[in-house]
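Peer 1: For the protein sequence lines, the chains are A and B, in the order given. Each residue of the first sequence is one higher than the one before, starting from 58 at the first, in this note's numbering. Each residue of the second sequence is one higher than the one before, starting from 4 at the first, in this note's numbering.
Everything labelled a hint here was simulated from the structure, so no lab data went into it. Some hints here could point you the wrong way.
Calculated pairs, DSSO-like style, for lysine-lysine (alpha carbon to alpha carbon, straight line, at most 27 Å) [as the list claims (entries may be wrong)]:
#1 Lys54/B / Lys12/B
#2 Lys12/B / Lys36/B
#3 Lys54/B / Lys164/A
#4 Lys54/B / Lys36/B
#5 Lys36/B / Lys164/A
#6 Lys12/B / Lys164/A
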Amino acid sequence: MARAATTTDAFNAVAEPRRREILDLLAGGERSVTELVESLGLSQPLVSKHLRVLREVGLVRVRDEGRQRFYRLNAGPLRSIATWLVPFERAMSERFDLMDDVIAELKAQEDDTHGDDDQLGEGHAPD
Amino acid sequence: MATTTNSAKVTLPTDTQILITREFDAPRHLVWKAYTTPDLIARWWGGSHGKVTSAEVDLRVGGTWRYVLAANEGFEVAFHGEYQEISAPDRLVNTEIYEGAPEGVGVVTTTLTEAGGRTTLTQLCEYGTREVRDAVIDSGMEGGMQESMDALEQVAVSLR
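Kindly produce the complete structure, drawing on both the sequences and the hints.
Peer 2: Written out as structure tokens, the structure is:
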């Protein structure tokens, strides 16, 4: 999948852990810059820098009220990431669904040979 | 038969990682057994992508593993790696190399935690670069994307 530069791509924007933290906070509702600075324990310039990146990719919206600047989440661009993960997630799920069947058989065998540790006690054996 | 409807959850904790979690309706030692026994691996590892033709496991630190899948499309897909940490039945660390792109080495940490007779499997896959990580995710497109397109088409047809 082709990617654009940091400033235009949600993938890049959320690659930074602090920016994800900001999104997590905003998921709880609109926050002022001051509130974000307090919650994150980062300097205001650094928070502002992260907010600028998030804003440029459209992940946050901004609103000025008096001297305060408020940010809120706009999750739309995140959909591209979720969509990207879907086929991989499905492939993993198919694999584990088959593992369920194998495990169900192991369980049945273990029930049949209950008390016979020689047969199926592998997981319990000290290494 | 334990046909749980749990699907695997995939998240991207950092730029170079993939985190996969899945719950199983079974105690941990059985999940471990299914996860590490060659003839059992052969039954699940291929998913719906094809048939596992070989599963070699030398389960000791420094030992190697290699799985080969004959994909439905006719080609062969092989992965191999080395075991770095083994703590049965709760933790396994191994490298993972896709033989079609051997320069991208992954380190996979698999953890099994049991609670109330159920087991949660978590797999943290760490790659050297984001490009490798992304290529691994993209590899899921092969079968999966087509299926999701087919499903989408069915939905679209049903709406007509």
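Peer 1: Which numbered hints turn out to be false for this structure?
Peer 2: none
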